[in-house]
Structures are given as structure tokens and as C-alpha cells.
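2 protein chains.
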Amino acid sequence: MSHLEKLDGYFTENRERHLAELNEFLRIPSISALSEHKADMLSAANWLADHLKSLNIENVSVDETAGHPVVYGEWLHAEGKPTILFYGHYDVQPVDPLNLWETPPFEPAIRDNKLFARGSSDDKGQVFMHLKMIEALFATEGTLPVNVKFIYEGEEEIGSPSLPKYTEDNKEKLAADLIVISDTGLYAKGKPAVCYGLRGLTGVQIDVRGAKGDLHSGLYGGGVQNAIHALAEILASFRDEHGTIQVEGFYDSVRPLSEEERQAYRDLNFDEEALKEEVGVKELFGEAGYSYLEQTWARPTLEVNGVFGGFSGEGIKTVLPAEAGAKITCRLVPDQDPEEIVSLLKAHIEKHKPTGVEVTISEFDKGKPYLTPFDHPAIQAAGRSYEKVYEVPTAYTRGGGSIPIVAAFDEILGLPVVLMGFGLSSENFHAPNEHFHLENFDQGLRVLGDYMHEVATIKF
Amino acid sequence: MSHLEKLDGYFTENRERHLAELNEFLRIPSISALSEHKADMLSAANWLADHLKSLNIENVSVDETAGHPVVYGEWLHAEGKPTILFYGHYDVQPVDPLNLWETPPFEPAIRDNKLFARGSSDDKGQVFMHLKMIEALFATEGTLPVNVKFIYEGEEEIGSPSLPKYTEDNKEKLAADLIVISDTGLYAKGKPAVCYGLRGLTGVQIDVRGAKGDLHSGLYGGGVQNAIHALAEILASFRDEHGTIQVEGFYDSVRPLSEEERQAYRDLNFDEEALKEEVGVKELFGEAGYSYLEQTWARPTLEVNGVFGGFSGEGIKTVLPAEAGAKITCRLVPDQDPEEIVSLLKAHIEKHKPTGVEVTISEFDKGKPYLTPFDHPAIQAAGRSYEKVYEVPTAYTRGGGSIPIVAAFDEILGLPVVLMGFGLSSENFHAPNEHFHLENFDQGLRVLGDYMHEVATIKF
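Residue numbers (the working numbering), protein chains in the order written: chain A, 1114 to 1573; chain B, 1114 to 1573.
Simulated from the structure, these hints should not be mistaken for laboratory data.
There's no promise every hint is true.
Identical copies carry no separate label here, and so any pair may be met within one copy or between two of them.
To be verified - Within a straight-line C-alpha distance of at most 30 Å, the following computed BS3-like cross-link-like pairs (lysine-lysine) qualify:
1. Lys-1572 <-> Lys-1227
2. Lys-1227 <-> Lys-1304
3. Lys-1227 <-> Lys-1166
4. Lys-1119 <-> Lys-1395
5. Lys-1284 <-> Lys-1395
6. Lys-1395 <-> Lys-1464
7. Lys-1194 <-> Lys-1151
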């Protein structure tokens, strides 16, 4: 019986128990962005640590940081074999608007072989797959084909502010041959992908203040600047009507797409009609001159994530608002530098600041974009493992999302990163009704187990 | 002893009791815009009705409407004398942001001879002055020099949706020679004003929808329209950088200011530096080519009163928002028509709608602008009453605010309207820490009492 057949039997037999354990993990509301969930963050970290210990993982610790803790563990008894450092995150996104969830975000529910819960796909469900793959290898083979280390953080959804320092401080402990991250997606249902690049992230909050307090729009209206109107003018100034970002210098350090890459993307025959159907829009909108895949994989963005100011309750309030604010984030591509982009944003805002208001800019955490050579043996081996289980060719893609820590790992540890994800883009990450297709939970466990054997044959 | 001396004695002697009664009225949180305050609206109406009855006012009723009730009362025993219809409103504005109030909005507090409470100035405090003036005349003279009727509504702050029908239905009952309204302000501290014109009001809510739900800004960002960004572009399109409104046809029916009016405004020597200090801005901002008084008295506006969309909590959420909305109101001047302006706004929004979103427009209630001939004897008499008490010349002004019902009274009842207000523009109407200068409460009572005698001599 091949190792894959043995794994298959084990996962089939234990599926019900595995899902019950995952539900335990998903029930912990570990929202890193909201300070009232600080205790839940610790609960989630402890749950992970306890689970690692139960799997024969050694030197397990819940390590304090300036923010939420990091969970570490290791098993290093495969002498002479490569070492994989597994990374993931146990924190999740906020859940508002709560009224749009069909079942509560922290009460996991299976419908149509999909597991609905905040974090089911991003990223608790995928972190949990690492653990169950280890459990299955020990159970079916009594040992592991490679050495493994685990590092799970609780701040990915807020830009991983503490992990770079932790990584720097624990360089020796984290030494490995490659990093495996499961926080990306398949190319499409039934079509696996290894992701060789990610966008970076940077962002600012813009706070606009006019008068020292809200004013009566009858008495003062027409003679004193309106903070919301001033903010809207700043926001509108960021783009032209074709979606091209107007911040001076914004595109200067963008690495142009090669004709080869553009052709590879075209060959994927991306279905724009299906996308429109999926997200519910009549027409797509993005930077002129680029295809949808290019826009979302290889071009930078500037998005307004939130806006607030004045009266937003029921009915009308004829107020001339004194304050307004917006949260902006940019997805960055190689070789844009997050610090430099923030400087350009600040200069743009200063230049476009309307009369009669003061503007304050606060910076959010930053993450660099990242690109891995796609012919690296660890990348190619991942493609093979997918093909064995999914039985179709693997797509080599780039991801539009950001995993800021990937660039930090690259810089600090100097390791290749293999992004082996099992999500689907329709799974509502960061939105109401997040879910995870259980067929990819099932197949992904087998892919990960096979990959351990693939890596065992690589000479680093 | 003159009637003014007698009133003076009475008001001095009863001041403490009067303020205690006013505080009772102010403690009722009669916020018309919020449906959870429906019961409080009825309490405030009943309080007023009971108070009118206690003053010998006859035929007092709390009349149901489609919205909040109207309070009516009358005293018609001054045979052969003119009849004044007093109007005011017992509803108040919402109180958010609550944390900016130094003392709670519905717990009246006196500091520095100013009465702090929501409604202290706009308009419960001034409505209460009508009542106490009547009480004082009965107490000191045993009768009233003119006939009086009272009509107090509970929907002024939401655009008086029910009062035009009520007025139409009760035309006979409301017949009078003039209408007196105390809901405007002095020109400045110590400098009284009779207001001969008011701006009208119209407004819309703009709701923008992109995708059917919020999306992950990494996965979709750059290829799907952002609802907030689209909204910001619509809002920015409403004005140019000089504050001139860009809605086609918006200014077409504006009655131009005469050179005489512009000169009269210049003669008031409006202190722009003091205004900047008062509202806390370094520079004013309004339509190019007009002075501040012209901008706020005689020119129309387009203000964003509120904006909302996406994530506005603590930290960042990298969401591509599917929905965003804004509340817009316009202050209108003669001869702009609210219905026509809404049509122009709709056409503008339709024309400036960005790609990839749907826009829904909802209309708010409307009020026409109004102008009274300023040489009308009832206007001039009001000026004289102010001068007797304040001992300085009265300014004849226009008001930037809207009392939509004024235009409706004009249309339905065909009566001159005398706007005799006692507020000050620094009193934070519609904002936190609304207050009323008690010196104007005291002097205003005497002005109103004297005006009853002035009106008794006018032949209508």
C-alpha cells in the first residue's frame, strides 16, 4: 500500500472526529483587530499549542509578543532530511455586518458539503490541515519523512506587526530549508494552483477636520468648509475615470509584466462572465489596459476600505459635519516599497487638501510584495503532489492578496516560500458567510501528506 | 407704570419658577427623527397642552397627524383687535455624538448664565417664552391686547411633513392677521434682528451598490468597482474647487441680490475673523464671488450631512466594500423650487455615476424658501419692540436656516410672517452642547410682551 493509500484510509476513517475538532477551534472568536477579543486570542493560541502537544510535537510554546502570542512547536528526528517550517495564522477578520450571516460566524455549520464559519477557510481550517496531516503520518507510518517546525501567529489580519521582530529574535530556532504556507486558494474548483507571488500591503487613515464642532447647515452652510465634502474630493483625486491611480510616482517602481507572463495568464482562459455572476456586478472595473487577472495579480491598487462622518442614522440631520475619515489600503506589487508608497500618498493628500480643513494621516502596518522563482524544486514538487490527488495539471499563479510575513521571512530567514493553499475565491474571506469547501479539506490533507514525502527527496 | 415696567417686575419676580418649568420641558427627549422617541414626542405635546390650559388658553387640543401631533390653543376675547398666530416646534435634533456633551443633553444645566440642553434655544426655550409672555400679560393686565392662537408642531427638525396638510385642513381655525415665529437669532450679542427671509430645504440620500457583498480587497481589488470610491467621485462632482455647485441648472432660478441688499449686508460690517475664531477654522470656504453673509443668507448650498460605508471600527479591515451611502441637503433661496432642484440632482447623479455600481436615490422632505416685504408694518413694529428693550437699532436680516412651514403658511394662509427670534448663532443648535443665553430669555420675554401692544395698534 502506498503512503497515499494509507493516508487516504486514515483520513476517511477519522473524518467525523477531525471536523468536530476543527469546529472547537472555529468557535473561538479570535478577531485580532478588536481589543475586546484579547482573551479569545489567547484561548485560540492555547488551543493550538495543546493540539500540537497531543500530536507528539516537541518544545511547544505560546510565546508572548508586543501583540498577540506566537505558537511554536517542532519535531526534528528525521536525520539528514530537509526541514519544513509551517506557517499559518489563528486570527480572523471582524464579522460585521453581522445581520448578513446566514448562521452565526462562530457557530460552525455544514451546508452542501461546505463548512460555514469565520476562519473556516482563512486560515484556521487550513492551519488545522497541517496538524491532521502530521497526526495521519504518525498514525500510518510511525514517523515523519522530514523534520518539521510550526509557527502560527495571531496578527496576520492586522498586518503581522510583531512577527518580524519575533522571527529576527528567533532566527536560529526557525532555521529550515523551506517554508510552507496554506493561506491561498486553488485556481478554480477542481483545479489546484501553486502561487509564486503575492501582493504587498500598505495603508493610511485620513482624518479630516473642519470646524471645531458640527455646525447647523442653515446658519453656516455655504460659508464654512464641509469635512465630508473635502474628504470626498481627496478620495476622488486618487483615481481617474479609467481606474488609473493618480498618485504621482505610484507606478514608477512596478516591475512590468513580461509578454511571457501575460501570455500565461491569457492561457488560463479566465471566465470574466462567471466572475461577474459570482460577485453580482453587471460590469467589471479596473485599471485601463490590463486584464482582470493582471489587475488583481500583478498591478497595484488603492482601495477605500471604510468611510465615516456626520449623521448616518435614520432620517435626516441638517448638520455641517466637522469631522470625516476614511481608511485606505494599497495592494503593492514587486518592486514597490510600502514606505515609499506611504510617502507618495502623503504628498498627494497634502497637494489635494481642500481649503478650510486640517488633515491628519495615520499609517497602518505594511507588508512587502513577494515573488518566488517558479522553477524552484520545492515549488515544482508541490505542483506534483497536487496533480497526484486532483488528477489535473497544476496552475502556477500569483495571488492578489497579501501575506506580509512572506516578504519578512524572505528577508530575515532567506528561505523559499511554497504557497500551497486550498481555499476558493468564492469562499467569502473577510466577508459574511465565509466558508470552506470540504472536498478541498479532504483532498488537501492528502496533498500535504504526499508533499512531505516529495520534500524528503529534495537536496537543498 | 407702563405695561413694559409692569412686565419687567413680573418677569423678575417669577424668573426662578419660570426656569424650573422650562427645565421640565427640556428634560423630555423629544427627538422627532428617531422612531424610538415616539412616546417622548407625545409627552412633550401633552406637556405643552397642559401648560397652555393652565394659562387660560381655550380650546386646547393635541391633534393627531400622520406623524407627531400638533398642539393647538386660542384666546379670542380682544374684540376688534388683530389676531396673532404663534408658531413653534417642540421637537429637537438628535444628540450624537453624545460623548462631546459636557453635561447630558436632557439634563438642563446653567453655566455662566447660559442654559445648556438640547432644545434650550432651538426651539423649546423660545416656545416657552410665548407661554410666559401670555402668563405675564394676564397677571399684570388681566387680559391680552390682541387675540392669540398657538400652533406647535413636533416635526420641524424632520422637515414638517404633516403640518401643511394640517394647515390646509384647519384653514378657518388658523385664520389670523399675522404669524409670529421665534426660531431665529439676534444679529449678534446685544444686537437684535428681525428676519425677513429664509432659505428652503431639499435633500436626497444616495445609496451606491457594487458587488452583492463585501469582497476581499486582495483577491478582487483592482478588478471590481469600490462602492465608496464611486460614491466619493459622485460627491466630489457636485462642486468645483471654488465652491461653486456644478449641478446643471442649479443656480438658474436664484433671484439675484440687488446692489441695495449687498450694500446693506456690507454695512453690517460682519466680523469674519470673529466667526473663524468661533467655529475654529483658519480660513472660511464658500462660493467664489460672494461674501460670507451673502453665501449663508442669499445663496443656495449643497452639503453632505453624512457618509457611511465599509469598515469604520478600530484598526484596518482590507475589505472591498459593496455598499456606501451619503445624505445630502441643499439650502435653497427664492425662487428655487425644491422639486425642481431634486430633479436636477437626480440628473446630475445619473450623469456622474461611475462604471460598475448601481445608484439609488431617496428623497427627503422639502421646504420652499421665503421672503417677506421688509417694510410691512408688522415687521417694522417688531423692530421697534426690540429697540425699546435692547436699546440699539434693530438689524433687518435674512436667515440661512430653513423653517419649511413658513413657506407653507405663506401659500396656504396667505399671512405675513414675523420672525422674532432670540437665539445666537454660537449656541450650537443641532450640535453637542446646545445652549441659550439667559439674557436673551429675559429680554425676549419683555420684547414679546411689548410687541402684543404694538400689534394692537396696527390696522391689517
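Each hint tested on the structure:
Proximity of Lys-1572 to Lys-1227 under the C-alpha cut-off of 30 Å is found in neither arrangement, the shortest distances being 38 Å within a copy and 83 Å between copies. Proximity of Lys-1227 to Lys-1304 under the C-alpha cut-off of 30 Å is restricted to the intra-copy arrangement: shortest distance 17 Å within a copy versus 72 Å between copies. With identical chains, the CA atoms of Lys-1227 and Lys-1166 are at most 30 Å apart within one copy only, with a shortest distance of 29 Å there and 68 Å across copies. With identical chains, the CA atoms of Lys-1119 and Lys-1395 are never at most 30 Å apart, being 48 Å at best within one copy and 75 Å at best between copies.
In this assembly of identical chains, Lys-1284 and Lys-1395 lie within 30 Å of each other by CA distance neither inside one copy nor across copies; the values are 50 Å within and 52 Å between. Proximity of Lys-1395 and Lys-1464 under a CA criterion of 30 Å is satisfied inter-copy only: 18 Å between copies versus 35 Å inside one chain copy. In the homo-oligomer, the alpha carbons of Lys-1194 and Lys-1151 never lie at most 30 Å apart, since the shortest distance is 39 Å inside one protomer and 74 Å across protomers.
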